[in-house]
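We have chain A already, so just place chains B, C, D and E on it with the hints.
The chain contents come next:
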Amino acid sequence: MTWFDHLSPLPQFLIFSALKILGVFSVLMFIVAYAVWVERKVSAAIQDRLGPNRFGPFGLLQPIADAVKSFLKEDFTPAHVRKVYYWLAPAIVMIPSILVAAVIPFGSYLGRQKMVIADLDVGILYTFGIVSLGVYGIVLAGYAANSKYPFLGGIRSSAQLISYEIAMGLSVVAVFLLVGDLNLSRVVLFQSGGFTHWIIFKQPVAFVIFLVAIFAETNRTPFDLPEAEQELAGGYNVEYSSMKFALFFMGEYANMAVAAAMMATLFLGGWTLPIAGLDQPAAPGQIGVGLLHIAIFLAKMLWVVFMMIWVRWMWPRFRYDQLMDLGWRRFIPLALANIVVTAAVLWMRAGS
Amino acid sequence: MTALTYIFVLPLLAAVALAFVPRAYSVVMRGVAVGVTFVMMLLAILVFIRFNGAEADASGFKFVTTIPGLGASSLGIVCKLGVDGINVGLVLMGAIVAFAAACCSREIRDREKEFYILLLVMTGGILGAFASLNLFFFYFLHELALVPTFLMIGVWGRGERKNYATFQITLYLSIGALVALVGLIALYLQSGAQTFDIPELTERLRENPLSAGAQRFIFPLLLFGFGILVSLWPFHTWAPMGYASAPTPAAMLHAGVLKKFGLYGLIRIALPLMPGAAQRWMPILAWLCLGNLVYCGWVAMRQKDFNWLIGYSSVAHMGFVFLGIATLTLVGVTGAVVVMVAHGFLAALTFGLSGYLYEQTGTLEMSELGGLLRKLPFIGAALVMAAFAGCGVPGFANFAGEVTVFFGAWNVFRPVTVLACWGALMIGAVYMLRAVRTMLHGELPEKWANVTDAPHLWRKAPFILLLAALMLFGCFPRLLTDKISPSAGVIVQMANPVLEGNLRAEAAPAPPKSALAQGGGEAVQ
Amino acid sequence: MHVGLEHYLAVSALLFALGLFGVLVRRNLLVIYMSLELMLNAANLALVSFSSYKNNPDGQVLVFFIISVAAAEVAVGLALIVALYRKRKTTHVEDLTTMKL
Amino acid sequence: MEEEGGRGRGAGKFSGQNLKQRNMPPTDILFYVFAALTLLCGVLVVANPFSRNPVTSAMFLVLTVASMAGLFVLLRAFFLAAIQILVYAGAVIVLFLFVIMLLDLRAEERRKVKRFGLVGALLSVGAITAIFFKCLSSSALGADPSPTMEGGTIALGKLLFTRYLLPFEIVSVLLLVAMVGVVLLSKKDLK
Amino acid sequence: MNLSLISLEICVVALGMALLLADLWLPPGRKRLLGYAAAAGLGLLLVANLGGFGVFGSTGTAFGGMFVQDGLAIFFKRFFLLAAILVLLMAIEFSDRISAGIAEYYSLIVFALAGMLFAASANDFALLFVSLELITVTFYVLTSFQRARLVSLEAGVKYLVIGALSTAFTVFGIALVYGISGRLNFGELAGVAGQFGDNKIFLFGLLLVLTGLGFKIVAFPFQIWAPDVYQGAPTPTAAFLAIGSKAAGFVLLLRVLFTAVPDITAQWTNLLIVFSAVTILYGNLCAIPQRNVKRLLGYSSVAHAGYLLLGVAAMSTAGQDRSAGGSAMLFYLSGYLFTVLAAFTVITLVMRHLESEDISGLAGLNQRSPLLAATMTLAMVSLAGIPPLAGFFGKFLLLKALIEQGAANPGCYCLAFTAVAGIVISLYYYFGVIRAIYWSPGPAAAPPIAVSRPIRISIYVCIAGMFYLGLFPGVMVTVTTEAVKALNR
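Residue numbers (my numbering), protein chains in the order written: chain A, 4 to 355; chain B, 8 to 532; chain C, 52 to 152; chain D, 549 to 739; chain E, 2 to 490.
Keep in mind that the hints were calculated from the coordinates and are not lab data.
We treat Cβ as the ideally placed atom computed from N, Cα and C, and that holds for glycine.
Careful, some of the hints might be misleading.
Keeping only pairs whose Cα atoms sit at most 20 angstroms apart, straight-line, the calculated EDC-like set for lysine to aspartate or glutamate is [stated by the list, open to error]:
| id | chain 1 | residue 1 | chain 2 | residue 2 |
| --- | --- | --- | --- | --- |
| 1 | D | K736 | A | D328 |
| 2 | D | K706 | A | D184 |
| 3 | D | K736 | E | D24 |
| 4 | E | K486 | E | D71 |
| 5 | D | K735 | A | D324 |
| 6 | B | K382 | B | E453 |
| 7 | D | K706 | A | D124 |
| 8 | D | K735 | E | D24 |
| 9 | B | K311 | B | E450 |
| 10 | D | K662 | C | D146 |
| 11 | D | K735 | C | E145 |
| 12 | D | K735 | A | D328 |
| 13 | D | K682 | E | D199 |
| 14 | D | K736 | A | D324 |
One side only, chain D facing chain C, incomplete, derived with CB under 10 angstroms [to be verified]:
| id | residue |
| --- | --- |
| 15 | T575 |
| 16 | S672 |
| 17 | R711 |
| 18 | S734 |
Stretch by stretch, here's where chain C covers chain E in the computed footprint (C-beta under 8 angstroms, at least three residues) [what the hints assert, rightly or not]:
| id | stretch |
| --- | --- |
| 19 | 119-133 |
| 20 | 144-152 |
| 21 | 171-179 |
| 22 | 247-260 |
Just chain A, with the same shape it has in the complex (with noise of 0.2 angstroms):
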């Protein structure tokens, strides 16, 4: 590895934040295709019958029939379509998720490298920036399609997603109110050295709000009205078939997979577990407590994947009223009213 020092500081920086994205960038697709396969298992289950279990030991190839199936489909674009906008919307859609992959702390440190692609300060505030152009994917696929179906569903989810964002941010405001900082990593330390010190514990209501308003950024059940089938037969993908299709069926679980991401940085200490030490960042020689940090993140993160999917197959869907109600009329204020309640209480101890 000397030629590797001898480098200077930026190529070095080069080649391992190339080394951190593909690292990133592989692991969310291997979490996207499997998450497809628990979805069908555990709905499965939970509907007590078997799943895919014909490809591979328990189906678990399943998702790579999948990819094969979406590729060798006919890609079929509708006469009606507008197309440059039909194109676009499909690829629109995996990019968010994965621009926010990049700003969360996935484990602490492999030797010297945080185990981060990006640091940024306002790490938080870049990530809502960037899940906030999730909409455009959706939107333009509705308009894209130019039927009637896509259409609503493409307004109905803009209306969504702008609404959520809100209290989501709202609920997060809390947060850092508690933090004092915008950088992941350091929320992550903030919750170091105790489960109590999991904002989830300091922070109930914030979770809560976030982990709806979660569900309603990724249009899952409870919340999938854009591409509710009973309603508008399903949505802005009406008129999608094949890879395009599959396209936006993968930034579905992208999304779920970084929003669990978030949600685990945010609210289940990151990569700390209170227990044997490993809740302090790892030493530059402690690799193998850097690959468990790392392993402890996924842990949290597939369980929150694992909720997600568990909540779509228990609950039924909301009305789009009741949606917009919940949001506006009972999260916003709540969220307000949290950040007034935090606002006070931080105060008092500063003053005390």
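Just chains B, C, D and E now, with coordinates in the frame of chain A:
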């Protein structure tokens, strides 16, 4: 508090009071208007009579009084009233004409409330403007009197071209007034006196005259600003049309009194405060006034409508005053002031009479009228006398004034004077007498069989009064000239700074000639 | 060529000019409004670059205000445009002729 | 620009003192990339030769805003870069899209552009730009050679809540007003 | 931090919010009460402010010099309060024309007022921008409030586009000024502005800021929105726009020119003179053919902006002592307040049931309501600048201030003559309105117009104000001269 205070304040207060009278009580309105103007007239006569005996302040003004509160004293804007020889006659004339106009207001039948309020405001404004010793209020009150004029013509006026006439008169007079305002403001600023008080300004400028540049700039503003207000040729077109369309009282007040404001302003302000520029501009003014005297007289001859005719004749008469002012001599200026007073009575009289005729016949087309003297002995006689006065027949005040002016002008602008004599006397006589002949003599058309003469004293009173005044001052011009000369002397002296240096020896009348002016006055007597 | 403040200002000015051009030329209210946003963004860029190059944080605070005010303005504006569209079925400025002289 | 040379050279604006320098620092390359993107997308917002579709304009506006955020990052204004994306891309332009879709502006395609207006606009805009560049080249900016201020959240936040508290509060009133206004203007049937 | 200085603003904002809240609980029939409550609340504040009770009397600066409470600010605050009260009373009369949300209408007026109050005290570009935007955004809504009427919406959209454009100009200008000087605070800027007198970018930026403010004060060539917006907006909005928004623009203009960059204003003089002249002529000439009263007042508002700019021109020409032009402007604005609000009140009452506010709607007004006819006449006479009303003395002071500078800059004389020409032109259309009132026959069976007591009081206040300022201007001249002392060098 002097009589002047009441003359100024009474009509305005009465106007405010009338605003609260229900409109059904039109008799009250008329009563109040006539009563108030009558009181004003008595007060004005009182002031005139007691003028000689009254005590003058340092700057030669009498009955000086201040209305408290009005204006902004920090800017030197104080409502200060007072009279000297020049404006005492004007105030008297104004008050008499106002009373006459109020009496003639019977012809107004609708919206009497508004009309009498406007009439009173106009009266108060005019008299206040003449009595004001503050440059600001001098202007302010004149404008105050102008607005009602416009409204009266617009609302109660007659004829098809009423709207056009209203706008024309409004625009013309406003331009004139505003141009003059710019000049007045510039004068105030250039003087550096920090006051709008006329005596103080005069005093200050006597000691430190304005720079030549400032005078050159300001004087034309005042000359043409005031000139437009007085219908100086070629800015006269508003006058005949406006008067032809105006309701009688408005025409009487405006042509008789308000129009004199510009002339008064020239005499009071432009001449004494900017002598240098005055010297330069006066010859031009003299030639311009020929436009009034000859051209407008000529046009008057061609008129078919009596009101247009007297409108033009009124414009023509202004030429005398301009000529008198242009001489910059004591005689000329004195004569000018006398003409102003005389013409005030005369104009009011003619417009009042024409208004009566119009009321009776509904037309003033001279071709349609004729032989009216038989049906209207009183009105007809008054009209004949008015025509004589207009032609400058001795015995009427106009003659006294015009002759004085000619005496003054003879030495200064000889060719102009010759032309003016010809124009004014010959042309004036022609059109006036022709009008009298067509309207009063000859066949009486059938349709005028039932016109009636002024039925009772109240209808005759205004005409009698005005005629009496004309004849009084015609027979005893000394009543006026005695008061005017000393004050005019001061002004002329200020306006002729070079006189003392004998630089204009051949043009300017030597001091003995001012004695001649007195002599002229006596000769008339 | 080293990138300095003036480069940023040039970009900002060009962007401003672009926006102004759009406002003057385009006839669709929505696009006009987008062009206005471009102009505001140009101002933001100028403020940020001045602030950064002169080590003075005031400008960035002002940008914060501008962004939030712009958001509010857009909300009202779009509501207005939608209301107009409902009534008039157009977003074309040349169709707004109810009050021609 | 050339005439001003005598005075303007000292400030050395575009006179290119470093033209010879071959290896550009990466931030400079990034600047050119982002600047070009910003302007290109800006042009496509305003005058897209291929499409008059407002949706296209809106999408390019997103790109403009995003590349501007890139410029902000280069200027070390990280907070504002995030806010820029969050507010403009995330809210404002979504709102635009939302409205465009709601109005379904398909009929609104090509209308004749008035030659006269176009030329006039070009001239006036060109004049303003020319004046600006002339000013730029002739006056001293007095700036540091490279960005020196770190526009972090904490620094700005502190300013925002101390010195600029009053405008901050007024903005909150403004947002309230805007909210009331939007509700009033768009609610279906008001009671 | 000196919070007591902004107590007035806090109260006003609180009042606005209280109105919004009270609206929730009031039954629809009693919403009128809210308007009276708002007016009464503002009235109390005005009285407290005039009396200088408690926290309302203090002067000084707060928020690091950003907020300044000096004579000028206090003058304008009282001005805005009075205007808002009269507009609120007008709005109550207008309420049957507003189908829904009348309570919000009141509260938005109060919020716009808050923006104006802040603008009066702005001593920093940040505060300037924010308060200006508060005013502008509120007016977008107020203008398009009658969204059932197409004209109202169109007016709103036009105001929106032009307003946003002006915002963009202002902001870009601020960016350049800030960039060169590194200051946002006017006080600090004044200290260093002198050295940037020949910095083109700085001047360009300043010019852009002035351009942006030009939109607000409706000066040529940024006046294009005014006629349409005045015509289309609900009448009380138009009134508030005519007086409040314009005065706010002027106070900011004064602050920018004479507080922020006091040393380099002289070079603007010729520009100001030209624009003032063109504004006067444009406004007056365009007003002549108008048949819609509100549109006519819109153009006349352009003209009046021109007259007011004349005062600014005089101030910028003046060397040390700028009080003549400044006090004239303030006096003129005060007169304009009473006059224009009187006119709009009459329009509100007379044209309550008419869709288009055509001049012919005024026909026969003096039979239907002599009071309103007289009020309108007085308002027109005052707008035209004829004694004995406020408009005359205002114009007199402005001309005086201008001619005073004639020696320093002969352009002032030209401007004075332009103003005179403008006044004469304006007589034509103002008298056209009076003519419609008095000498065109009205509709045969037009019912008399009922004038409620509060609005009667507001009309009396306007008339009294016009007469008082016209006849007894002394006090006001002193007050305004005191108020502009802050702008002297």
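ask   = Checking against the hints above, which ones are violated?
value = The structure breaks hints 11, 22; every other hint is satisfied.
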